[in-house]
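Student: So the protein lines, in turn, are chains A and B. If you're matching positions, the first sequence starts at 1 in this note's numbering and goes up one per residue. If you're matching positions, the second sequence starts at 1 in this note's numbering and goes up one per residue.
There's no promise every hint is true.
Claimed, not checked - Derived pair list, reagent style SDA-like, types lysine to any residue, alpha-carbon separation capped at 25 Å:
#: 1; chain 1: A; residue 1: K153; chain 2: A; residue 2: P166
#: 2; chain 1: A; residue 1: K153; chain 2: A; residue 2: C130
#: 3; chain 1: A; residue 1: K109; chain 2: B; residue 2: E266
#: 4; chain 1: B; residue 1: K37; chain 2: B; residue 2: E266
#: 5; chain 1: A; residue 1: K7; chain 2: B; residue 2: G170
#: 6; chain 1: A; residue 1: K127; chain 2: B; residue 2: H154
#: 7; chain 1: A; residue 1: K127; chain 2: A; residue 2: H103
#: 8; chain 1: A; residue 1: K42; chain 2: B; residue 2: T164
#: 9; chain 1: B; residue 1: K37; chain 2: A; residue 2: G163
#: 10; chain 1: B; residue 1: K37; chain 2: A; residue 2: Q138
#: 11; chain 1: A; residue 1: K127; chain 2: B; residue 2: T113
Claimed, not checked - Okay, the calculated bits of chain A under chain B, using three or more residues with CB under 8 Å as the criterion:
#: 12; segment: 104-114
#: 13; segment: 192-198
To be verified - One side of the interface only, derived from the structure: several residues of chain A facing chain B at Cβ under 8 Å:
#: 14; residue: G8
#: 15; residue: A12
#: 16; residue: E90
#: 17; residue: G98
Keep in mind that the hints were calculated from the coordinates and are not lab data. A virtual CB, placed ideally from N, CA and C, is assigned to each residue, including glycine.
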Amino acid sequence: MSLITCKGLSFAYDGVTVVHNLNFKVEPGDYLCIVGENGAGKSTLVKGLLQLKSPSQGSITYGEGLTASQIGYLPQQTQVQRDFPASVREVVLSGCLGNGGFHPFYTKKDREKAEKNMEALEITDLKDRCYRDLSGGQQQRVLLARALCATQKLLLLDEPASGLDPVVTKSLYELVERINARMGITVIMVSHDMAAALAYSSHVLHMGSDRQLFFGTSENYRRSSAYHSFMGSKNAARIWRHENAPVRRRREERAPEAAAPEQGAAIRTAQEAYRKEQTDRDAADT
Amino acid sequence: MQLILEMFSYPFMVRAILVGILIALCAALLGVTLVLKRYSMIGDGLSHVGFGALAIASALNLAPLRVAIPVVVLAAFGLLRLGETSKIKGDAAIALISSGALAIGVTVISMTTGMNTDVYNYLFGSILSMSREDVILTTAAAAVVLGLFAVFYHRIFAVTFDETFARATGTRTGFYNSLIAVLTALVIVIGMRMMGSLLISSLIVFPAMSAMRLCRTYRSVILHAAVISVSCLVVGLTISYLYATPTGASIVLCNLAVFLVYLILERITRPSSR
């Protein structure tokens, strides 16, 4: 059963439809990238997936015991947060509040979970620091740890790299990929960074301003007309090959680990596809 | 020492200190949240509504607090809803409501009793204004505010820090925003008699702003603000008693002094502060 199934999904503001007739599925273990131009309704779709906005048409179905409030959400940063006096620990712990039942205070389990996630994101040494004194990249890690506290299954990231420099962006993407591959957490990422979308994701949803342009695996997307018109045809393939060689290599190195049973089938499929593609190209090159 | 004993020998001073400490505590706790949510002006708006309500209550010979509490709570809800849903933005809504209520209050007063010491006390506060009934009501209201704040502390933090995330992960943010509005309304009304409706909002803003100069975690800001607020109140009351200065203004001046000291300390300890 799919984690999320969207059928004929549309959203409207004041009667004006901004998201048109989306059809896609998210399977456990997937890494779905949602791309599209400004104004294609990406952020609206995010609100819809979190059930903060109800669809004007169509339906979103959650499966595998997922509910909308169990999605670990990494929002775009707001101005308020940037000068908020709060320690890293306080911020991360606040992700635990949605976890079933009402407790006025944090339980021991909550604290352990927060510790574990801070460790996974390598921010344990920052835990008593003030959130507002951290760099942009560190702040994103803190919010990512908070999102992990709120979920067991699915992370939803809304433009996580906006405002970060290229080096920090890259390490953030790698971190998200690690969460996806090692912790077996499904990832949905909204991005306008096409190169990253293709390098790390297993699936792509391309939203146009008036219809859904593409949904499928990243492999197929690279060959699709939607991708080529978006990237300016021929150059795209070259750029992709260029920018993502290191990533593909890393995926190769990690391949044995990917066979671990807790890994989603989707990851394996994607990785096999990558491997095959690599061999094909190598053959073509020689 | 003798001075303190003498101060406490007057029942009105004991009442004032008791009520004052409770109000200062509540105001500081809520103040941190309100300042961080960019709602600093809501206290000002609500206190003007309180002034209007008090004016009407005294014109009709009703108990002032019993009229003012429901009216101000309603106004708090109104401000919140206006800010959320309509096309009138939060700060404009506050300006409309506060000047409107002030105008109503002044008109009612000039048509009935005229401008007298009572009115002066409403505006600037008085140490003598606390009746026994006021003390009981205030204590009850303060207990409610402190209790609810303690129980919902972590949720209030989550909603203040990141409302979208809190709502996405299943926290009922609407409820907590309303709760904050109601608690603020309560603090404003009970604090207004002593501090004056023109000055009560400073009790909400100053301690939080001072604490935020130096503290780096949410909990330390809250605790620090509470300590600043209560100490300033006690010192201010003592000054007011000794030199017969207006109570509200004395307390605000103490807060202002603390704020300036903290501002300088911040500059010294972190020269490149953002």
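Student: Does each hint fit the structure? Answer for all of them.
Tutor: Structure-based check of each hint:
1. Of the pairs offered as hints, the one joining A:K153 and A:P166 is violated, with about 28 Å between alpha carbons and a cut-off of 25 Å exceeded.
2. A distance of roughly 29 Å separates the Cα atoms of A:K153 and A:C130; the hinted pair therefore is violated under the 25 Å criterion.
3. For the hint linking A:K109 to B:E266, the alpha-carbon distance of about 37 Å lies beyond 25 Å, and the restraint is violated.
4. Proximity of B:K37 to B:E266 is assessed by CA-CA distance (about 22 Å); at most 25 Å being required, the pair is judged to hold.
5. For the suggested pair A:K7 and B:G170, the alpha carbons sit about 24 Å apart, so the restraint of at most 25 Å is met.
6. Under the criterion of a C-alpha separation no larger than 25 Å, the hint pairing A:K127 with B:H154 is consistent with the structure, at around 17 Å.
7. Using a Cα cut-off of 25 Å, the hinted pair A:K127 and A:H103 holds, with the two alpha carbons roughly 23 Å apart.
8. About 16 Å separates the Cα atoms of A:K42 and B:T164, which keeps this hinted pair within 25 Å; it holds.
9. Under the criterion of a C-alpha separation no larger than 25 Å, the hint pairing B:K37 with A:G163 is consistent with the structure, at around 23 Å.
10. In summary, the hint linking B:K37 to A:Q138 is supported, as the alpha carbons are separated by about 23 Å, within the 25 Å threshold.
11. The suggested pairing of A:K127 with B:T113 is violated, with an alpha-carbon distance near 60 Å, which exceeds 25 Å.
12. Counting residues of the segment 104-114 of chain A whose beta carbon lies closer than 8 Å to any beta carbon of chain B gives 3, which reaches the threshold of three, so the coverage claim holds.
13. With 0 residues carrying a beta carbon less than 8 Å from a beta carbon of chain B, the segment 192-198 of chain A misses the three-residue requirement, and the given coverage is violated.
14. Hint on A:G8 is violated. Least Cβ distance to chain B is approximately 23 Å, over the 8 Å limit.
15. Interface restraint check: A:A12 against chain B, minimum CB-CB distance 18 Å, threshold 8 Å, status violated.
16. A distance limit of 8 Å between C-beta atoms decides the matter here; for A:E90 the minimum to chain B is near 5 Å, and the interface restraint holds.
17. Restraint check, A:G98 versus chain B: the minimum CB separation of about 3 Å is within 8 Å; hint holds.
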